[in-house]
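Novice: The lines below spell out each chain.
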Amino acid sequence: MGHFNYWIVIYLMMAGFYIMIVQGNLVKKIVGLNIFQASIFIMFISMGKVEDGTAPILVEGTTYYSSPLPHVLILTAIVVGVATTALALALVVRINEAHRSVEEDEIHEQDKSF
Amino acid sequence: MISHHLPILQVIVPLLAAPLCLLLYDRFLSWCISLFASGIAFLIAALLLHQTLHTGVISYELGGWAAPWGIEYRVDIVNAFVLLIVTAISSTIIVFAKESVAQEIYAERIPLFYAVYMLFLCGLLGVTVTGDVFNLFVFMEISALSSYTLIAISEDRRALTASYQYLFLGTIGASFILISIGLLYSMTGTLNMQDLARRLPAVSGNRTVESAFAFLTVGISIKLALVPLHLWLPNAYTYAPSVVSAFIASTATKVAFYVLLRFMFSVLGVTLSFQSMLLSGIFLALGIAAIFVGSTAAIFQDNIKRMLAYSSIAQIGYMVLGVSFATVTGLTAALLHLFNHALIKAALFLALGCIFYRFGSASMNQIYGIGRRMPWTMTAFVIGGLSLIGVPLTVGFISKWYLVLAAMEAGMWLVAAAILAASLLTVVYIWRVVEAAWFKVPVQSPTANTGEVPLSMLLPTWALIIANRYFGIDTSLTVGVAPQAAEWLLGITG
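Here the protein sequences line up with chains Z and V, keeping their order. Here the working numbering is used: the first residue of the first sequence is 1119, the next is one more, and so on. Here the working numbering is used: the first residue of the second sequence is 142, the next is one more, and so on.
Hints in this document: simulated from the structure, not taken from any laboratory. Among the hints, a few may not be true.
[To be verified] Subject to a maximum C-alpha distance of 20 Å in a straight line, what follows is the list of computed SDA-like cross-link-like pairs (lysine to any residue):
1) Z/1146 x Z/1167
2) Z/1146 x V/309
3) Z/1230 x V/306
4) Z/1146 x V/310
5) Z/1167 x Z/1192
6) Z/1167 x V/349
7) Z/1230 x Z/1213
8) Z/1230 x V/349
9) Z/1230 x V/502
Just so you know, these numbers come straight off a predicted model, no measurement behind them.
Hey, can you work out the whole structure from these sequences and the hints?
Specialist: Written out as structure tokens, the structure reads:
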């Protein structure tokens, strides 16, 4: 199990994808999208970890440091993810106002737009 | 010393205009600000292109941090060319937007519309100007999130579901790009494009690099709406407000195409992309598939907006086909078509926006006989259509000419024949509109308000139409720049 983190990443990614494809509920699809994005965050952070490495602060007795850059990148990516989720939820609120439903098949029956 | 800061000003000007529109919250003022900011951006892009043509590559270090560590903005002839077309189209469309938006969007949302429009422009320009792959991802998401908003701002409730669908596919595409950036970073330890290009050959053949390549190709292809990943596009273009369709159709996919070129040629390199990963064959097949799927689907549409959307999918096929040859002529054709298709589609969508302005719909049976009532609009549409087909003396001809040349140069006669055959499909769907507009008897009697549209809408449309003709006759700008850019991408002059 040397690549335990990466197996988790792959599992979460596929689970997220599966939810996005299979779920007909628009809110649950967003949950799927979030799980999918979370898997990428874990992937980045796993990459930055060096075995026996610590945070990159100069202290006596440590020679190995983990790269801090992936963490910083992921902070940005999380912000992007939050913005995406917020926008998606806002869209669902308006879809619900317009169609009185958040179920894909019911909306499709009204408009044939999916 | 302001000329030294042009690359960052290119992004900052629309970025500052966005909150200003929001704070003033006035329909007219926010339109003025957007027009002004877009005009300035166009000016900056023109200056940048001028500089790159005369003095070479411009490198700008953000905050004074040196290149591989800090974020670098890097303008060479390729992205200066893309910046010019994006800002030019944006400025023309804003002039058009004033009347069109007043008709199609609720009054209280109009200042918001301009704010998001500016953010969208900022995102597109940022993607184009940056020399840092993670910065590129962030700007791509800025432009993507604003484009979902722009689509959903429409009064049509189907725009909401279209935007929702686009949001999911777009986010998956962007996430794939993010994954590949992570994998590339883990192999090279750098995010700077130049630095990546230097370090990647040392780790070529590595499985991680190859999977990064695969994620990248799929991710960009979703953003580009390359067949078979085009499903978000027709609904998004059809239900968005006319101005938004025109702007997204003529710029967003073009910038995605630029990202594809930048990654495949400047970052990953021709050797990896076209020799070890066999991208030529894949893009050749997908390009031809896109051309025929898009054109055939366009023929059967009753909504003209949806027809143009499918036509866009076909045109993306032409560009990808040009790349697949990986020769100077092929890339020249692709870059020319990037420029030309932006002009053609913006002109056609604006002409359609004029029709929408009068009739509140863009379906084929609504426009019976309007050629006589709106002669200027429909003449513009016909000339735009001719340009889309590729009739000589229009821009469409120039890019198809180079594309056929590239196919022949590669000895692929069948592909050249396919390009010409697909032009005939274009004739069919443009002819359907022409027939409906000029030769059918009007369904309802002409009423008072179905005359020509206001001048502020006709002028931008005709400006683009004239540009279509002008660049079809005097090709010194496009054909002067595109081959240089193609050689630059292939590293021949670099």
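Novice: Is residue 1230 of chain Z within 20 Å of residue 502 of chain V, Cα to Cα?
Specialist: holds, 17 Å
Novice: Measure nothing beyond the straight line between the CA atoms of residue 1230 of chain Z and residue 306 of chain V; if it is 20 Å or shorter, mark the hint as holding.
Specialist: Holds, at about 13 Å.
Novice: Need the status of pair residue 1230 of chain Z, residue 1213 of chain Z: alpha-carbon distance at most 20 Å?
Specialist: holds, 14 Å
Novice: Is the Cα-Cα distance between residue 1146 of chain Z and residue 1167 of chain Z 20 Å or less?
Specialist: Between residue 1146 of chain Z and residue 1167 of chain Z the Cα gap is close to 32 Å, so the pair fails against 20 Å, i.e. violated.
Novice: Below or equal to 20 Å on CA atoms is what counts here, so check residue 1167 of chain Z against residue 1192 of chain Z.
Specialist: Holds, at about 14 Å.
Novice: Straight-line Cα separation of residue 1146 of chain Z and residue 310 of chain V no greater than 20 Å?
Specialist: Answer holds: residue 1146 of chain Z to residue 310 of chain V is near 16 Å, not above 20 Å.
Novice: Can the restraint linking residue 1167 of chain Z and residue 349 of chain V be considered satisfied, given a maximum Cα separation of 20 Å?
Specialist: Cα-Cα ~17 Å, so holds.
Novice: Quick one, are residue 1230 of chain Z and residue 349 of chain V close enough, alpha carbons at most 20 Å?
Specialist: violated, 42 Å
Novice: Next pair to validate is residue 1146 of chain Z with residue 309 of chain V; report whether the Cα-Cα distance is within 20 Å.
Specialist: holds, 12 Å
Hints 1 and 8, counting from the list given before, are not met by this structure.
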